[in-house]
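Going line by line, the protein sequences match chains C and B.
Just so we're aligned, residue 1 is where the first sequence starts under the working numbering, counting upward by one.
Just so we're aligned, residue 446 is where the second sequence starts under the working numbering, counting upward by one.
Keep in mind that the hints were calculated from the coordinates and are not lab data.
You can take every hint at face value.
Below, computed lysine-lysine pairings styled on PhoX-like, alpha-carbon distance capped at 25 Å:
| no. | chain 1 | residue 1 | chain 2 | residue 2 |
| --- | --- | --- | --- | --- |
| 1 | C | K265 | C | K161 |
| 2 | B | K501 | B | K482 |
| 3 | C | K161 | B | K482 |
| 4 | B | K496 | B | K468 |
| 5 | C | K237 | C | K161 |
| 6 | C | K365 | C | K405 |
| 7 | C | K237 | C | K416 |
| 8 | C | K265 | C | K108 |
| 9 | C | K237 | B | K482 |
| 10 | C | K358 | C | K374 |
| 11 | C | K416 | B | K482 |
| 12 | C | K405 | C | K331 |
| 13 | B | K482 | C | K373 |
| 14 | C | K358 | C | K19 |
| 15 | C | K374 | B | K482 |
| 16 | C | K166 | B | K501 |
| 17 | C | K166 | B | K482 |
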Amino acid sequence: MVSRVLIANRGEIVSRIIKTCKDMNISTIAVYSEADQDAPYLQQVDEAVLIGPANPVQSYLNIEAIVQAARKTGADAVHPGYGFLSERGAFAEAVENAGITWVGPSPKVLKSISSKSYCRKIADSVEVPVIPGTLGLVARTDEVVDYGVTNGWPVFLKLDKGGGGKGIERVNGVSEAEKALQRATRIGEMAFGSGACYIESVVENPRHIEVQFLADETGNCVCLGERECSVQRRHQKIIEEAPSVVVTENDRSLLFDRTVRIIQKIGYQGAGTLEFLRSGGGNYYFMEINARLQVEHPVTEYLTGIDIVKWQLLIASGAQLDFSQQAVQFKGHAIEARVYAEDPETFIPSPGTITELKFPLQDAKIRIDHALKKNTSVPPYYDPMLAKVIAWGTDRVKATNRLNKALSEFQIEGVKTTIPLNLRILQSPEFQNGTIDTNFIDNWH
Amino acid sequence: MEKSVDAIMPGLCARVVVTEGEKVSSGQEVAVINCMKTEIIVNSNFDGVVKQVLSKEWDELQVGDPMVILETSE
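One chain only, chain C, in its complex shape (with noise of 0.2 Å):
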């Protein structure tokens, strides 16, 4: 079993990271850059280790640095968190060889499947519905002009390794076709150095449905139920649920059975999430894999009862799943609100001091991830997400009304943040009724 944990990340996924292993006693170590110094988990950590300055491609971005302090201060596992380097399959694998355990899957897992179009060959091959498109890739303006024609227009170009919706090129008819690949090829060379693209049709009236899984190196997988995370703005989640109000039992057997054959398939051991669009007329259409803890797991973790970054230490140990799908049991209801240091009406991000701060009243029933201190500085430098709030009842109206209270009581001054956004969402008759999708938020504005 794993014994001193180095956590690769900052923000409040190191805090949460830190929890678990308490509760595991194993020793955590933080790495921090010169802009997180005085953030609240260094004093909850064994060892705190500077690793760089601001700037994240010389810090949080930096292999070489964080593997030298995993060296240095002994530890036998790399947590890598969310965002960053968790799902670069170079950096699992300087982890591996310093003789240091990864928590999460192989680097020759990690490597397969930063490719889009391997992925989808994936699903493919073990008859799963991927979103209509081609399964290879396309490097020529007539091929993208004989998809359209053939397919209906419009099209997207999609990068092969691209994320974080950039690079994503809507392409109206044919005299836009040659553009707009030229476009999301040069894009896809800078941000991702790779400019492969393929293409993908429009799904009408799309919903975002995702099934976290837990995976051992035995090829036992199971499924801890889906997240609905159709609330979105700029390809971001805002607001995450579970149950979705539209997956019916038969729907989640379904996404169950599917999840679990592109994970045997591909050999994935550890956490991990298979995205699904849900079109308007109930067609579910695997998207892709995310292949590390994500943002919004707390809300499985209160309907299952199930400590997902525990499992990740487990697994990572070499720890076998002691539990059947069928014993897993979801109970009530529960919603994530992501509060971002950003103006909630234009999105502009907002950085600074925090000045004020006061906190719900936290319980059972609502749950707070974040690292914030009063006077602590959110530098302009990272993501903007300041805090997650967690909110469980009995049934959908119960999570959201006490969601309600909590972001009503939740005072942070010194930064604007989205919290009367998510309080609009959640007042919301379409948010109450359940009828949104993806396109929700942007038809606001």
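Given the coordinates of chain C, assemble chain B onto it according to the supplied hints.
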């Protein structure tokens, strides 16, 4: 005279889109700042010719830091 186009938000320089010797008009996009993973466009407030590019990708920026120097006729 020389005038500078300055950072309007703190963050990291994503890119400077003009090169030395290039003519720039007031209102034209000169640079892009990455602030909390959002791209903020920096426009020039005056006409001129680019004399010097001071910022490069990943440079840390505070509000008011000069990113590009223009030679203006005023």
